[in-house]
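*Asks:* Residues per chain are reported as follows:
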Amino acid sequence: QKEVEQDPGPLSVPEGAIVSLNCTYSNSAFQYFMWYRQYSRKGPELLMYTYSSGNKEDGRFTAQVDKSSKYISLFIRDSQPSDSATYLCAMRVAGGTSYGKLTFGQGTILTVHP
Amino acid sequence: NAGVTQTPKFRILKIGQSMTLQCTQDMNHNYMYWYRQDPGMGLKLIYYSVGAGITDKGEVPNGYNVSRSTTEDFPLRLELAAPSQTSVYFCASSYPPGGNYGYTFGSGTRLTVV
Chain W
18 QKEVEQDPGP LSVPEGAIVS LNCTYSNSAF QYFMWYRQYS RKGPELLMYT
68 YSSGNKEDGR FTAQVDKSSK YISLFIRDSQ PSDSATYLCA MRVAGGTSYG
118 KLTFGQGTIL TVHP
Chain V
34 NAGVTQTPKF RILKIGQSMT LQCTQDMNHN YMYWYRQDPG MGLKLIYYSV
84 GAGITDKGEV PNGYNVSRST TEDFPLRLEL AAPSQTSVYF CASSYPPGGN
134 YGYTFGSGTR LTVV
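So the sequence lines, in the order shown, correspond to chains W and V.
Quick note: the numbering used here has the first sequence finishing at residue 131, numbered continuously throughout.
Quick note: the numbering used here has the second sequence finishing at residue 147, numbered continuously throughout.
Only chain V is shown next, with the shape it has when bound in the complex (with noise of 0.2 Å):
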């Protein structure tokens, strides 16, 4: 049971490069959430899904954009890339909101950009 598996761990990018973020979780949650934390800043949301083919934006979603084709992917799209995105970015899945329900995260994906 993996969880939520985040690639790349590590990425450095430079300004005007694309790439995107891959998220996959294995235990059949509708909810995914992309979050970035940035040092003393605590986790803003850039977009989240409630299942296949919903997606909407957070709190923060300028320069990103997000796509859900299956239960199980969640990737974020960074495009033109800028130094304000250096940031390390978290994937969480949950079930539907309601009960004792939180979320479980993936392990972020370091991202630099110079």
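With the rest of the complex left out, here is chain W (with noise of 0.2 Å):
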């Protein structure tokens, strides 16, 4: 079983829909929970950080963590065609030595069309 799953997709929508994308992890040591946005032949940018369980929300997006069920979600209101990009999920355990290092989901490649 991989620590992260994320929904591969893919995922394509209309304009102004709701996004949900979803990750669950089997590591209940995962503390902090991050999301990514992708652009093709780009590096991954930081879109939402985390700590915890809990709802955060920034604009039209919005990040939840369940950490009794272990999981994780990010929501898009509004959905633009500048949203199409592949998202990434990761998490990481607090402090000691895990130095930051990061474990990522697949990846869930979204596709708003006009």
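These aren't lab readings, by the way, just hints derived from the structure by calculation.
Watch out, some of these pointers could steer you wrong.
[Said to hold, decoys possible] Derived DSSO-like pairs: lysine-lysine, alpha-carbon spacing no greater than 27 Å straight-line:
1) W/Lys84 to W/Lys73
2) V/Lys47 to V/Lys90
3) V/Lys90 to V/Lys77
4) W/Lys19 to W/Lys59
5) W/Lys118 to V/Lys77
6) W/Lys118 to W/Lys73
7) V/Lys90 to V/Lys42
8) W/Lys84 to V/Lys77
9) W/Lys59 to V/Lys47
10) W/Lys19 to V/Lys90
11) W/Lys84 to W/Lys19
12) W/Lys118 to W/Lys59
13) W/Lys59 to V/Lys42
14) V/Lys47 to V/Lys77
15) W/Lys84 to W/Lys118
16) V/Lys42 to W/Lys118
17) W/Lys19 to W/Lys73
18) W/Lys19 to V/Lys77
19) V/Lys77 to V/Lys42
20) V/Lys77 to W/Lys87
21) W/Lys59 to V/Lys90
22) W/Lys118 to W/Lys19
23) W/Lys118 to W/Lys87
24) W/Lys59 to V/Lys77
25) W/Lys87 to W/Lys19
26) W/Lys118 to V/Lys90
27) W/Lys73 to W/Lys59
28) W/Lys73 to W/Lys87
Make one complex out of these two single chains by using the hints.
*Replies:* This is the structure:
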């Protein structure tokens, strides 16, 4: 079993739709949860960062973490064609010898069509 | 402010050849990482460094070597290239873990081994 599982999609939605992206994980020691966005032929860029359980909102983006279910989500409201990209979830344990090492999901390819 | 710079952007190697992928950051980050990204597989950690002179293996280190003589530079060396090393390679850097810090990624090196 992979430590982090993410539905690779692809996911195709019309402009203005609400998008839900999800990851499950098996390591209960994960404390920091991130979403990265990666445009074609570019490096990933940090989109959202959440510590432990709860919700975090930034404009059209909402990240949710449910540690009891080992499940994280990213919601995109009013999706735009410019949101078309690969979305990667990532997570890491806290402190100690983790040295900031991230474990990534496989990535979900999202296309928002006009 | 260039962030993380990777060179070359593209390279074709023949089986058995060697090469060095260059990575430089100008943010004075102590932590640096090398990941490889294969289609549908997310990012896998190859090597990481927590400061000049300190490096350690990640999840998939076989066939690679690194060095860290300065804070800015973290080159990745491929010895005896094999087709299995065909991938996109990303270098990343970060502040020490803790707080709201994610990675800053370079734009990647696309390597094909034939």
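*Asks:* Now look at each hint and say whether the structure bears it out.
*Replies:* Do the hints match the structure? See the list:
no., hint, result
1, W/Lys84 to W/Lys73, "holds (14 Å)"
2, V/Lys47 to V/Lys90, "holds (25 Å)"
3, V/Lys90 to V/Lys77, "holds (12 Å)"
4, W/Lys19 to W/Lys59, "holds (25 Å)"
5, W/Lys118 to V/Lys77, "holds (10 Å)"
6, W/Lys118 to W/Lys73, "holds (22 Å)"
7, V/Lys90 to V/Lys42, "holds (24 Å)"
8, W/Lys84 to V/Lys77, "holds (23 Å)"
9, W/Lys59 to V/Lys47, "holds (25 Å)"
10, W/Lys19 to V/Lys90, "holds (19 Å)"
11, W/Lys84 to W/Lys19, "holds (17 Å)"
12, W/Lys118 to W/Lys59, "holds (21 Å)"
13, W/Lys59 to V/Lys42, "holds (11 Å)"
14, V/Lys47 to V/Lys77, "holds (23 Å)"
15, W/Lys84 to W/Lys118, "holds (19 Å)"
16, V/Lys42 to W/Lys118, "holds (24 Å)"
17, W/Lys19 to W/Lys73, "holds (26 Å)"
18, W/Lys19 to V/Lys77, "holds (12 Å)"
19, V/Lys77 to V/Lys42, "holds (19 Å)"
20, V/Lys77 to W/Lys87, "holds (21 Å)"
21, W/Lys59 to V/Lys90, "holds (25 Å)"
22, W/Lys118 to W/Lys19, "holds (16 Å)"
23, W/Lys118 to W/Lys87, "holds (19 Å)"
24, W/Lys59 to V/Lys77, "holds (17 Å)"
25, W/Lys87 to W/Lys19, "holds (13 Å)"
26, W/Lys118 to V/Lys90, "holds (11 Å)"
27, W/Lys73 to W/Lys59, "holds (26 Å)"
28, W/Lys73 to W/Lys87, "holds (17 Å)"
Going through the hint list in order, the structure satisfies each hint without exception.
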